Amino acid sequence: MAFLDPKQDSTFKYVFAQHPDVLIDMLNAILPLKVPIVSLEYLPPELLPRQTQKKTSIVDVRCKDNLNRHFIVEMQVAHRKNLRKRMLYNAATIIANELYPFQDFDQLRITYSLCFLEGTMYPNKQEWFHPFRISHENFEDDKLDGIEWFFVELGKWRKLGNFSITSRRDVWLSFLSNPEMLDTMLTTEYENEYKEARKALRLIDKAKYTPEQLWAMERNADELYFAWEALKMDIDEATKEGEANAEKRILAIIQDLKSGMSEIDIAKKHQVEVSFVEKFR
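Whatever position you read off the sequence shown (first residue = 1), add 11 for the numbering used here.
Among these hints, one or two may not hold up.
As the list claims (entries may be wrong) - Pairwise CB distance ranges (calculated):
id, residue 1, residue 2, range
1, N93, D16, 23 to 29 Å
2, K154, E191, 36 to 42 Å
3, Q282, M196, 55 to 61 Å
Quick caveat, the hints were computed from the structure, so don't treat them as lab data. Quantities reported herein were computed from a predicted structural model and do not represent experimental measurements. Here a beta-carbon is modelled for each residue, glycine too, at the ideal position from N, C-alpha and C.
Sequences are here, hints too, so could you generate the full structure?
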């Protein structure tokens, strides 16, 4: 059986940002939660700061559960040098925007940030699961509860080859790393025990889609990739005029595209080449 790549951006979001039962089971399996998630509510992936001139960030999946705990879930194919800072910024933005003026600080709930990483975070270390917490420098048991980050190096986990069908965590890591293998392991004996993982496999089964649908998904993935690379390139090249101004211009162009304006009109409005605008269509 052939499957879509669950690590690919649009596939990852389709599985985990549209099927709460699948996301709940995965989060409960991966994160060391003292109290498991029972239900959750999806939140917009855009993290908007209180001040409009500050940086906006977009994550793959964002939600909060029945205990008002917040969760950010991301898939990162390559380990970028600013990954940790971006994860820090995203979680801190949620914390900063959570309370209303009439609320007490005791009502602040914890934010969990989970990042699956296909690239290598620590090349010379064998560990593949990396939890980060804020704690006292000398007293490790004294922690500042509020934000916890978790990075999972999928490549290292695969190389260890310690998969166990009795481990729910291993089942989900296998789904992300090697869905074909998981499909052969999840026999009818485990149908009820791992029904969410089996559902996730059905969602990415290529046999469910027509050739036209598969072509559209692959094209969409390619366009997203090239648009992202173009965005990075244009921001890098624009550092001479100021990265902040360049980013605002690009976001304004994207907003105009969403509103239905033509590429020609947008190019005239922002005084750029039409080819520049077409990158973000």
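Against the structure, the hints come out as follows:
Between N93 and D16, the C-beta spacing of about 24 Å keeps the proposed range 23 to 29 Å intact. Against the hinted window of 36 to 42 Å, the Cβ-Cβ separation of K154 and E191 comes to about 40 Å, which satisfies the hint. In this structure the hint that Q282 and M196 lie 55 to 61 Å apart at CB holds, the actual value being about 57 Å.
Of the numbered hints given earlier, the model fails none.
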